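Asker: Keeping the supplied structure of chain U fixed, place chains H and Y upon it in accordance with the hints.
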Amino acid sequence: MSFWDRFVEWATTAETWTAPGDGLLALLAEHLRLAGVALLLSALIALPPAVWLAHRRRGRVVATVVANAGRAIPSLGILVLVAVLAIEQGFSTRFWPLIVALVVLGVPPIFTNAYTAITAVDPMVLEAARAQGRTERQVLREVELPLGLPLLIDGLRLAAVQIVATTALGAVVGPTGGLGRPIVRGFASLRGGGDVELVGASILVALLSLLVDRGTTLLTRVVVPPGVRRLQAG
Amino acid sequence: MLAQLVRWSWIGDNLDDIGVATVEHLQLTVLSVLLGLVVAVPLAVLVRRRRWLEGPVSGIAGVLYTVPSLAAFALLVPVLGLTSLWTPVLPLATYSLLILLRNTLTGLDSVPEQLREAADAMGYRPLRRFLEVEVPLALPAVVAGVRVATVTNVGLVTVTALLGRGGLGAFILDGIRRSIPFPTSIIVGTVGAILLAIALDLALLWLQRAIAPWQRRAAA
Amino acid sequence: MISLEHVGVTYPGTSSPAVDDLSLEVAEGEIVVLVGPSGCGKTTTLKTINRLVEPTSGTIRVDGTDVTAVPVHELRRGIGYVVQSSGLLPHRTVRQNVGTVPRLLGWDAGRISDRVEELVELMGLEAELLARYPGELSGGQQQRVGVARALAADPPVLLMDEPFGAVDPIVRARLQDELLDLQARVAKTIVLVTHDVDEAVRLADRVAVLRVGGTLAQVASPDELLQHPADDFVADLLGGDRTLRRLALHRVDELDLGPVGPGADGLPRIPCDATQRGAVDALVAAGTDRAVVVEGDEVRGIVALEQLTGGR
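Read top to bottom, the protein sequences are chains U, H and Y.
Residues in the first sequence are numbered consecutively from 387, following our numbering.
Residues in the second sequence are numbered consecutively from 64, following our numbering.
Residues in the third sequence are numbered consecutively from 1463, following our numbering.
This is chain U alone, in the form it adopts within the complex (with noise of 0.2 angstroms):
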């Protein structure tokens, strides 16, 4: 049988997709939680900080050696780590060790655009905002998040994408990982007909991923301003 017939017939099973625990609903569902978590508390954890420290516009220095280290940090690397120091403490490498991970490769993204965002608003507004009477957290509110929204949203687009596809790595340390799961264990078996999950898991990964970068575009044409999305445009 070719390789198409091969795929056409493991799609086509309905085994494929919902097999308690192991079908592809199932593991898309792994892999969405693990992602939604992660990607909240990397939200969680970086955007107070950075906020704060832009409004102030202290911590330059900060701001560059974490989105320095956002980009260096090899994802398998740490992944990896971290769950092999879950398993010395004698933790379940399912849940948390990957969250953990997941987090620190989420946060960079997040706190560098949201950063970025809030000092690159334009001085003789803030001025002007400062001048007409508001109080600093009046400013921060209705000056400078509103017109850093659309850049601070890209900073979460990005955190989740990187997330979402460094979710599927997590299938190299344990059972976890979601639709990793498939693919991880097609790369082991390639010859005994694994290549098959492999490719159908990557296409729904591929799409997943897709999916979410399109979904916080969306996103942002709700929640920003039309006034500062016109400025964006022009």
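Read the hints as simulated data drawn from the structure, not as lab findings.
Values in this document were obtained by computation on a predicted structure and should not be read as measured data.
Glycine is no exception: its CB is placed at the ideal position from the N, C-alpha and C atoms.
Between beta-carbon pairs, the in silico distance windows are:
| # | chain 1 | residue 1 | chain 2 | residue 2 | range |
| --- | --- | --- | --- | --- | --- |
| 1 | H | Val254 | U | Val614 | 37 to 45 angstroms |
| 2 | Y | Asp1735 | U | Ala517 | 48 to 56 angstroms |
| 3 | H | Trp149 | U | Arg571 | 17 to 25 angstroms |
| 4 | U | Val451 | H | Ser72 | 29 to 37 angstroms |
| 5 | H | Gly125 | U | Arg527 | 25 to 33 angstroms |
| 6 | H | Gln67 | U | Arg480 | 18 to 26 angstroms |
Which stretches of chain H does chain Y cover? Using the computed rule of at least three CB atoms under 8 angstroms from a CB of chain Y, they are:
| # | region |
| --- | --- |
| 7 | 178 to 187 |
| 8 | 194 to 201 |
Answerer: Only chains H and Y this time, still in chain U's reference frame:
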């Protein structure tokens, strides 16, 4: 704790392997960024001539950037085979395409129209104007893009360990695939990749400054 | 030296022309200044001469040759072009910038180097600036380098597009003086574009006033222009204090100075190379209606206020 995790004697015994892996890591990184550059630069020049192409071209580059590298490697395995050099290099190159394209465009766009016109008015012919005026002025932005792409790809090359390559990534996988996990190997792979990324970044930063002395001196 | 015959320019995608049936002759060694409000097509007109803009109709000749008859890059290497400071190549040193056209013309390195040093001296710039980048120069220095670069291959024609637009008024006035000094020595044929009427009156042998739509409103000497503006448009553009401004074009010793009588000792003294406007200023400031015109210590005669205000 670190003392327990890192067994220095193991590192000493395996220096040769670490060296070989580092070189392989470097090769995959450089090859993929160069390939990205070879595609991105002509594409950017084309986009500047046919501006309507900008939307579709950066759209496609954006999609290629978004596809997770693991999935991209996996999708190429049935097509190109597990052992082909292209299986890791092609996704890594397409991954760097977006940033390289964007920065090359930014660089070329940053040359003021008035300057192009001044060059024309002095009697520059188009090719010479491109090489002597536009390229030198765009180059710092291009190198800035190469820095980001290089650092990112150093990290991604570790994932190619799943394909049985992966340079320093092989140490990471090896560390967890043993019956008893071996942190030293994982740390060697991870820290090695970080150090390689920093070293390449610094080298490119030096290059970025060296090719644009006018920027540094004007700022001083 | 330069002749524009019925030149018209209509940019693609626009219906009304930027320049419309414009004819103008510029004689050898003359400074003609194109002036007018924004959108009058003055810069477009200038750019048709070195073909940065291709006219849609009409003919342009430089030194008798149709500009379309030679390859465009060769034409341009023979015409100096000066724009605001941003026209310098930021990644090249002053030496390289000034030497650009000679290098494009294939001069050997020694000749280029000699010429660059000669020009830098001509422009009153210090030799140590040669190794600097444009970003390290003041606005005034950048502008002098721009002129030096345009003169590098000794072209007979110089085109200047708002050359002093990016510098402050004090530096601008000095650069204008320097340009006139320079012109006295090198005698180029210069076409200069500005929106500044004062600059036009100050620099031009003849001023060409353009109106929106790219047509000529008047071509005349500054004196003639101030005295007899062709219509309301030109008069408005020149502004209300035309008469005073005209006085700035003439020296006080161009007047018939009166004999020195008794009582001259108490009068203010004005140097003979002062402008008539300067004389009015001095008289008003001193609160008298007469002043003594002097050349150094030597008395040349008496100037009276009515001579200046008489609309002579």
